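**Student:** Next come the chains, spelled out residue by residue.
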Amino acid sequence: MAVTAHTKKAALTGNTAVAIAMKQINPDVYPAYPITPSTGIVEDFSGFVADGSVDTELITVESEHSAMSACIGASAAGARVMTATSSQGLALMWEMLYIASGMRLPIVIADVNRALSAPINIHCDHSDSMGARDAGWLQLYAETVQEAYDNVFMAMRIAENAKVMLPAMVCMDGFITSHAIENLDLLSDEEVRGFVGEYKGRNSLLDTDNPVTWGAMVLQDHYITFKHQQSEAMTRAKGVAAGVMKEFGEKFGRPYGLIDAYRLEDAEAAIVIMNSAAGTTKVVVDDLRKQGKKVGVLRLRLFRPFPFKEIADALRGVKVVAVLDRADSMNSFGGPLFNELRSALYDLDNRPKVMSRIYGLGGRDYKVKDAVEVFEELLNISKTGKIDTMTKYITL
Amino acid sequence: MSEPAVKEKKQKLSVPFNYDKYMRPHKLPHIWCPGCGHGIVLKSLLRAVEATGIDKDNICMVSGIGCSSRTPGYVDFNTMHTLHGRAFSFATGIKLAKPEMKVIVISGDGDALAIGGNHFIHTCRRNIDLTAIVYTNSTYGMTGGQYSPTTPIGDIATTSRYGNIEPPFDACEMAKAAGATFVARGTAYHTLELEKTILAALQHKGMSVVDVIDACPTYYGRMNKFKSATHMMEVIEKDGTVNVKQVDKLPPEKVQGKLLRGILHNVERPEYCQQYANIIEKAKGGK
Ligand SMILES: Cc1ncc(C[n+]2csc(CCOP(=O)(O)OP(=O)(O)O)c2C)c(N)n1
Ligand code: SF4
Numbered sequence: 001m002a003v004t005a006h007t008k009k010a011a012l013t014g015n016t017a018v019a020i021a022m023k024q025i026n027p028d029v030y031p032a033y034p035i036t037p038s039t040g041i042v043e044d045f046s047g048f049v050a051d052g053s054v055d056t057e058l059i060t061v062e063s064e065h066s067a068m069s070a071c072i073g074a075s076a077a078g079a080r081v082m083t084a085t086s087s088q089g090l091a092l093m094w095e096m097l098y099i100a101s102g103m104r105l106p107i108v109i110a111d112v113n114r115a116l117s118a119p120i121n122i123h124c125d126h127s128d129s130m131g132a133r134d135a136g137w138l139q140l141y142a143e144t145v146q147e148a149y150d151n152v153f154m155a156m157r158i159a160e161n162a163k164v165m166l167p168a169m170v171c172m173d174g175f176i177t178s179h180a181i182e183n184l185d186l187l188s189d190e191e192v193r194g195f196v197g198e199y200k201g202r203n204s205l206l207d208t209d210n211p212v213t214w215g216a217m218v219l220q221d222h223y224i225t226f227k228h229q230q231s232e233a234m235t236r237a238k239g240v241a242a243g244v245m246k247e248f249g250e251k252f253g254r255p256y257g258l259i260d261a262y263r264l265e266d267a268e269a270a271i272v273i274m275n276s277a278a279g280t281t282k283v284v285v286d287d288l289r290k291q292g293k294k295v296g297v298l299r300l301r302l303f304r305p306f307p308f309k310e311i312a313d314a315l316r317g318v319k320v321v322a323v324l325d326r327a328d329s330m331n332s333f334g335g336p337l338f339n340e341l342r343s344a345l346y347d348l349d350n351r352p353k354v355m356s357r358i359y360g361l362g363g364r365d366y367k368v369k370d371a372v373e374v375f376e377e378l379l380n381i382s383k384t385g386k387i388d389t390m391t392k393y394i395t396l
Numbered sequence: 001m002s003e004p005a006v007k008e009k010k011q012k013l014s015v016p017f018n019y020d021k022y023m024r025p026h027k028l029p030h031i032w033c034p035g036c037g038h039g040i041v042l043k044s045l046l047r048a049v050e051a052t053g054i055d056k057d058n059i060c061m062v063s064g065i066g067c068s069s070r071t072p073g074y075v076d077f078n079t080m081h082t083l084h085g086r087a088f089s090f091a092t093g094i095k096l097a098k099p100e101m102k103v104i105v106i107s108g109d110g111d112a113l114a115i116g117g118n119h120f121i122h123t124c125r126r127n128i129d130l131t132a133i134v135y136t137n138s139t140y141g142m143t144g145g146q147y148s149p150t151t152p153i154g155d156i157a158t159t160s161r162y163g164n165i166e167p168p169f170d171a172c173e174m175a176k177a178a179g180a181t182f183v184a185r186g187t188a189y190h191t192l193e194l195e196k197t198i199l200a201a202l203q204h205k206g207m208s209v210v211d212v213i214d215a216c217p218t219y220y221g222r223m224n225k226f227k228s229a230t231h232m233m234e235v236i237e238k239d240g241t242v243n244v245k246q247v248d249k250l251p252p253e254k255v256q257g258k259l260l261r262g263i264l265h266n267v268e269r270p271e272y273c274q275q276y277a278n279i280i281e282k283a284k285g286g287k
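These protein sequence lines are chains P and G, in that order. Taken in order, the first sequence gives residues 1 to 396; the numbers are from the numbering used here. Taken in order, the second sequence gives residues 1 to 287; the numbers are from the numbering used here.
FYI, nobody ran anything at the bench for these hints, they're computed from the structure. Since this is a predicted model, take the numbers as computed values, not measurements. It is possible that part of the hints are untrue.
Cross-link-like lysine to any residue pairs, in silico, SDA-like; alpha carbons within 20 Å at most [said to hold, decoys possible]:
id, chain 1, residue 1, chain 2, residue 2
1, G, K205, G, D248
2, G, K205, G, A277
3, G, K27, P, R236
4, P, K392, P, F333
5, G, K98, G, G53
6, P, K163, P, R236
7, P, K367, P, A180
8, P, K293, P, G385
9, G, K27, P, G253
10, P, K293, P, K392
11, G, K27, P, I120
12, G, K27, P, A180
13, P, K392, P, E373
14, P, K282, P, A180
15, G, K27, P, I122
Next up, chain G with everything else stripped away, as it sits in the complex (with noise of 0.2 Å):
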């Protein structure tokens, strides 16, 4: 198994970092509000490709729907963009279909766990090699703010204007619970930290998911009477989340209630592709 990059101690600085390498200019400019989150996650998530040195054209970048799932029209890798909650099948599909290439899923948490929660569940539940990133700003941005599985009880979307009465999944709980064997989170907050983690997403060997915490100050933020986008970052991903590597040394009221980050579950397990190719080896009479 690869070492996860977030155990190092000196990492490098990353930034600045030259995107353009890795961008459609000719696409921009992007359809994301001013604050949303989604635009620092693909930063770093584009520092982490750059990091595992793999060629952008040996990678694939796989979407459903929403405004988080519209990150693959602006990057310069092969790229498909789909069917709202089906990211997952078809990046399937073409992971199996060329087991070489790198095929990074993006999603945002309606995506990944509303509508294509029964994806995800069986995606995870293979153990395929993808690297699935979730943007989860509790909210479905792209149609205006109803609450989606992440929204915290209590908190008001265009479908819940007196208060969402539907517990929330966790999405990392569910990844593991599935069968995924790399699971971590990360935050648009901490972007260093979330380049290391997907890193390490990215360089694992099986069905990886990094649940990235952002935010929607458009829908999410203003019904819930955030003053602005750096409010919402501070409120909810720097102080509503911990460190998993700090959770032993923080007091108990300090880790209550808070999200945790980092790298929540490594294992191995034997991966999709590689158990069929030995299945069709065996078909054919070999060992």
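Isolated chain P, as found in the complex (with noise of 0.2 Å):
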């Protein structure tokens, strides 16, 4: 049976940490679909539920297309709505992520990163949440547990922003991070309360008072207006970000930015890399560093709105920069990540060289020694000025 009380420390796997933080949300609505390695979260939560330590409706359903379907109506009829999927999950949602983002409702999903098929896949890589990049959600993702953690709290109040009102994805590794135990610092409830705030859903489908229409048919009349106002929403919502984890940092003593810059102030070479595989990348950065190689990392915490200018602010001055996708995007020329970053790094004046690695996929283990070579051959490039290999699979 599920645990209902906890200690402010406590050692919890990310799915269980992640279904605590939703528990201390305690949301309206909670449409419920099992999929590995998501499962461990709807299945706490479905604990929580029968415990009776929140108020949630849990809905049942029959697959995740009916999970985002059910998420949807409940949102629009003003509730605050919660599920998790991963990979298979996540594309059966498909249609509906366009419906959730373009209808501007603040739903929150983790989403527990997992290879996509085929072939059959159950182990972590991120092309499941990459593929969802232009679904007009926020995106953030965690290296930790605790981080997991902390930005189920922040993904809800930027998607509930007046300014922003748009759906929001929790990322983690699947395994990795969804069911290793780490140490964490929970909230309070009271905390969580205080800083989630509540939840008044606008135009909302209930009440009748009201009426409203959700979803109209639009043409060659109003469609791009649409889309416009989402794309500003979007673009607010980086600042809205900003300012939610820094009230976050200064509430909670854990501070938190859009990107994770790790000892890039002198570095001449960087990875640039999401999620769990930056832990193991700053290892390796410590021990380069004590060497006197003057490496360092960025990982963003932030990838949907797109941090531009934050991640050309802080690799500005470095000469060689690896981005480490955990994702292809089978265009012949790098991963998502490498494309984006490198568009960001148009306008300086003394841009970095950048190269696309691919790695990891299908959870392939990423070790020391891979982020060693890396960051030998980024070296090696910083010296030569030539990067010989653009685009490559490492890992292999």
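Starting from two chains that each stand alone, build the complex the way the hints lay out.
**Tutor:** Right, here's the structure in full:
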């Protein structure tokens, strides 16, 4: 049976930590459908419902297609809505992801990153959420269990901000983070309540005194206006996210930013990477720094909206950069993060040389030696000024 | 129409049987838990395939996702492991591309009736010549024991901790109503009978569905306080079902509340691939 009371310090898996964050938020509606490796979140949460420790309506649907449809219905009715999924589950939500963002519904889901079929694989890579990158959802990524837990609250605040009103996806690495037990600090329920506040849906379907229509047909007359507004909201979301993260740090003593720049100040070579693999890379950076090598790591915490300016500022002065993507755009020109990041650097006067490395697909280990090799290659390029191979798979 | 093999009075015992011919030994051991019914169903299926005499290279086995859907990985047919709920659609494509091929769909009750319910219904409606084996263990085994569309009311699952309130489907009734022309049920307990039932399904021309009641001792069994896998088989499969041929001979109280086994529906109706070929003929200016 589920545990319902928690001390401030706890050793938890990523899944349980996220489920507890959701419990503390106490959403109104939670459509649930299981898929590895996110099932633990749904399972723990259904335990909280059974225990009566949340007031949530848990709807056990028959597929993710229905799960996201139910999220949208409930959110349009004015409810605060959450769920969790992975991989094929997110893929099956595809059609509705665009409905959620187009209707400006601040649904918050956890996506436990897992590879997409075929061939079938249940382990970590980012092809699921990266595939959804144009769906109009905010995307936050987490290196650790602590961060995944904290991101749930921040995502809720950003999504529900009146200037934003967009759905959000909180991503963490399948198995590596979702199933690993880590010590973390939990917020108290009061702290969570104080931070996320009450949600009052606007133009809610259940406000029968003020009947509204959602998702009505708009053709050449207005469609582009809706999309323009959505795009502007996404632009505003960056400032809102920065503010929410700052506030979180001030209130709870765990500072976060849109990006996490690690030993980049005087770095000559840098790896850009997301989620758990950043931890391994930081260990390597510390080692190489001891040997006098000027290396650093840039980790994106926010991928949507894309913090292009912050990235450019952080990498200004770095000579060579390797962008490590745990997903391939299958465009024969590197991963999604690589392409957007390289474009973000275009306006720098002295832009670094940037290369793409795809790693760790389908849960393939990314080890210390892999990061060492990339740094060695970068430092060599820094000397010769020449990138031999622009895009390449590593950890093969 | 082919004569259902289950009518034979004296069937030669097909066991012991050398399964190696149909297996991919390097893929073993399989992932199924001790006591899981899925392996028993597979064995019945392989014996039935042998009895059809169809060359194994002329068989394509297609599955969705789930413990049951891992079956094609272990067998030496042409195999395709697809997406959760979509095996019926993939199989339809295969069959239309190669109507001469024997196409077998392996699906779990969650796969066929929950996430894939829509495809299940429409595949039955078309009466395309597929044989579908639905492993009904009343749970989503692979994802940890959530209730499925065949979980009885009141039963415990990770998603129904105080008892399931949703009424279950009868897969056979649904297949029949949707238009499948051969509908049967077996259990993992009645393994020889199941073999004969599957053989009849394989010999049928048109959409054949065999709903196989089997057990997931790991999740459904433990949560619902069954003592062991064999206890489950006895209660659910042996005592919980009755052969359709015995219904008239038994007093009503012995039949009430039980699931019927055997061939429950067997009719003839034009088969989809044949219809498709006919329409092409017609479009080309034929009769
Ligand atoms: C789109 C999608 N959603 C969810 C899953 C996760 N999933 C894998 S198997 C399964 C349930 C399988 O249940 P069933 O078909 O009854 O087969 P069993 O494991 O019981 O044999 C689920 C929900 C998935 N693979 N794909
Ligand atoms: S979990 Fe259940 S269905 Fe899956 S292999 Fe184990 S016993 Fe069989």
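**Student:** Evaluate each hint against the coordinates.
**Tutor:** Hints versus structure:
1. G/K205 - G/D248: Roughly 28 Å separates the two Cα atoms, so the pair is violated.
2. G/K205 - G/A277: It holds: about 15 Å lies between the C-alpha atoms, which stays within 20 Å.
3. G/K27 - P/R236: 53 Å, violated
4. P/K392 - P/F333: 9 Å, holds
5. G/K98 - G/G53: The given pair, whose Cα atoms are some 19 Å apart, holds under the 20 Å limit.
6. P/K163 - P/R236: 7 Å, holds
7. P/K367 - P/A180: OK: P/K367 and P/A180 at ~17 Å, within 20 Å.
8. P/K293 - P/G385: 17 Å, holds
9. G/K27 - P/G253: Cα-Cα ~51 Å, so violated.
10. P/K293 - P/K392: 24 Å, violated
11. G/K27 - P/I120: 15 Å, holds
12. G/K27 - P/A180: 29 Å, violated
13. P/K392 - P/E373: This hinted pair holds, its Cα atoms lying about 13 Å apart.
14. P/K282 - P/A180: 19 Å, holds
15. G/K27 - P/I122: Given that 20 Å is the threshold and the Cα spacing comes to 18 Å, the pair holds.
The earlier numbered hints that this structure contradicts are 1, 3, 9, 10, 12.
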